[in-house]
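For the protein sequence lines, the chains are W and E, in the order given. 32 is the number of the first residue of the first sequence in the numbering used here; add one for each residue after it. 32 is the number of the first residue of the second sequence in the numbering used here; add one for each residue after it.
The hints are simulated quantities; they were obtained by calculation from the structure and are not laboratory data. As the structure is a prediction and not an experimental result, all values here were calculated from the model. Every residue, glycine too, gets a C-beta built ideally from N, C-alpha and C. Any given hint might turn out to be false.
[Unchecked claim] Okay, the calculated beta carbon distance ranges per label pair:
no., chain 1, residue 1, chain 2, residue 2, range
1, W, E51, E, R219, 30 to 36 Å
2, E, G119, W, A250, 26 to 32 Å
3, W, G55, E, A315, 51 to 57 Å
4, W, V217, E, G119, 45 to 51 Å
5, W, E352, E, A315, 56 to 62 Å
6, E, R219, W, P213, 25 to 31 Å
[Said to hold, decoys possible] Beyond 10 Å from chain W on every Cβ pair, some chain E residues (computed):
no., residue
7, K63
8, G111
9, T288
10, E367
[To be verified] Chain E stretches covered by chain W per the calculated footprint, using a threshold of three residues with CB under 8 Å from any CB of chain W:
no., region
11, 155 to 163
12, 188 to 196
13, 327 to 335
What follows is each chain in one-letter form.
There are 2 protein chains.
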Amino acid sequence: MSTIPSIASGERGEEVDRVEAIMGRGGTRLRKRMESTELYLERVTAQAGVPLAGHASATIMAGGKRLRPLLVVLAAESAGCSQDMREGEEQLIRAAVAVELVHSATLVHDDLIDGARLRRGHPTVVALAGREVALATGDLLFSRAFGELAKNGSGTQLSALSAASSALAEGELLQREDAYSPHVTVERYMRRCELKTAALFEAACRLGALMAPAGDPAALAGALAGFARRIGLAFQILDDVLDVSGEVERTGKARGTDLLDGTVTLPLILARAHEPQLASFDLATLDGPGGQEKAEQLCERIAATGALGQAREQALQLVAEAKAELPAILPGGRSELLELVADAVVERYS
Amino acid sequence: MSTIPSIASGERGEEVDRVEAIMGRGGTRLRKRMESTELYLERVTAQAGVPLAGHASATIMAGGKRLRPLLVVLAAESAGCSQDMREGEEQLIRAAVAVELVHSATLVHDDLIDGARLRRGHPTVVALAGREVALATGDLLFSRAFGELAKNGSGTQLSALSAASSALAEGELLQREDAYSPHVTVERYMRRCELKTAALFEAACRLGALMAPAGDPAALAGALAGFARRIGLAFQILDDVLDVSGEVERTGKARGTDLLDGTVTLPLILARAHEPQLASFDLATLDGPGGQEKAEQLCERIAATGALGQAREQALQLVAEAKAELPAILPGGRSELLELVADAVVERYS
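Pulled out of the complex, with its shape left as it was, chain W reads as follows (with noise of 0.2 Å):
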């Protein structure tokens, strides 16, 4: 395989151009580990059993950008695994995988939830092949992450996957416990985030920290953590902007889909505080006949409050202290790539 296919088949066109211009920068070194990556994804799900290869394999295969290996393996660059370290280079590439095994699970997990039918441009899991197939084939995803991560016998690496892999089931909890609720504060709003997206990202970046071949490892990884965590919080958050803005191009799903599902996000937090008829409306009226037309009223509602704006500000801020914070914990230098990191998660929604 000559070229990352998740990158060649990318649906999202700036976004895509962004990693590209950083794997670029990244010189042949990044982009033979991205490969190696690639090929170990497609090996492990290959390897699993007939007929459950056929639908991992379909999940990882469909691509996607490799936001979080790429994460893995910037944090292990800026960290000095700059050589090929031979048997650490296995290390690298196994924990780039077993983070990307955990997203992919959660991603055919969502979509046997939402009942979703598409996903970056193919069918989804439960749409091909059902509820069971779908949880199972998530079950199996999440297993084969923590037995890859396993084989580096590290304990503090597996402790910082399954950290992240229970923050997300639980921000998944909270997410229902919120749904639909008019109280949600911003301070929750967060916190879900922190859960659902932000841990995941800090889990990719303390990974890689913790592969440094010397230097304190684990006070690396808990630096670049704090990094990781507010770009996971503004991606986060710019998802939730986009999905009231609507520019279903980008998104590929229908305007305030989560309104719709009851999620309460940012723009609506911001927005009600603006207007107090805002306030009181319960996302509960949008479900039956007429919803989608009502959600996007809603979204329009919530723009006209300037609610959109205020939120990709804030957005905006966690990844300027993200960035700000970088040099001084990786001198010399070795910040540049995490910084266009942080940049493509902002510019892909400028």
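Fit chain E to the given chain W structure using the hints.
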């Protein structure tokens, strides 16, 4: 907590008595270890964030036989972990906890797919809180299992658990693949039982054996895995016999539940060989109104062929083989309690 609630509150009388008898023979040390496991399980689930704690905790605390943790502890004791081991003691309890957490995760996910209302006499998570919460609760229990075991810092232990956890998911997929099929062979059925049931029994014994303070833990783990595999297979076969024989007071489920679900189990496979009309019977015809009644009639027809006795015989044979090889693996009377566990698997159904 002075008694083990799972055992005090078990709904299956004889089985609980049998486990109680094993506890009695094991003495104070075994009882203490099982109580520590119980307390640890309680702590793990209570630590989870609200609202999760409630659901995860209810699932775990509703009890069950704790057969898998018992296998972990007995395998460890047979491997020489006979003293309080200080640091090793904590490792052992964590392994027992991790295995039970994986088992609980699969129960929550199984109930989600089956839409089951009751489990062990208590409302299921899906019944109480819906599909999203059940999905996330299962994911969380999986994640916590690996998180707890990661604290032991052993890649070998984690690989054993991950292999079992992957097998469980693969077994579920195989079951879906073979649903309603008129062509399921005995070999294929046994493969499914290995994946769905025996793999976690194996992991339990492997984990216990790996705690051995001396000797060759890996070799012992391999040898005990063979024992565990056989009793796991017998356990599943007898469960499938019970579904057809229909002692509802023991199963808590309606007779023929598996058949209604399209699941082809050993009694049906064997009966098909006896009666040509059964070979061409389409389980899909059980769907729809009157299905329960038709399933019961099918159970009667299967029973009339003598297939239940044949299947039970295969299970007994597996248990006899499992017991026969134990004394050579664990000489000097160290095999006694594991033999009693093997008996418990059978006697439950006799």
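Hints versus structure:
no.	hint	verdict
1	W:E51 / E:R219: 30 to 36 Å	violated, 46 Å
2	E:G119 / W:A250: 26 to 32 Å	holds, 30 Å
3	W:G55 / E:A315: 51 to 57 Å	holds, 55 Å
4	W:V217 / E:G119: 45 to 51 Å	holds, 47 Å
5	W:E352 / E:A315: 56 to 62 Å	holds, 59 Å
6	E:R219 / W:P213: 25 to 31 Å	violated, 53 Å
7	K63	holds, 26 Å
8	G111	holds, 23 Å
9	T288	holds, 15 Å
10	E367	holds, 33 Å
11	155 to 163	holds (count 4)
12	188 to 196	holds (count 6)
13	327 to 335	violated (count 0)
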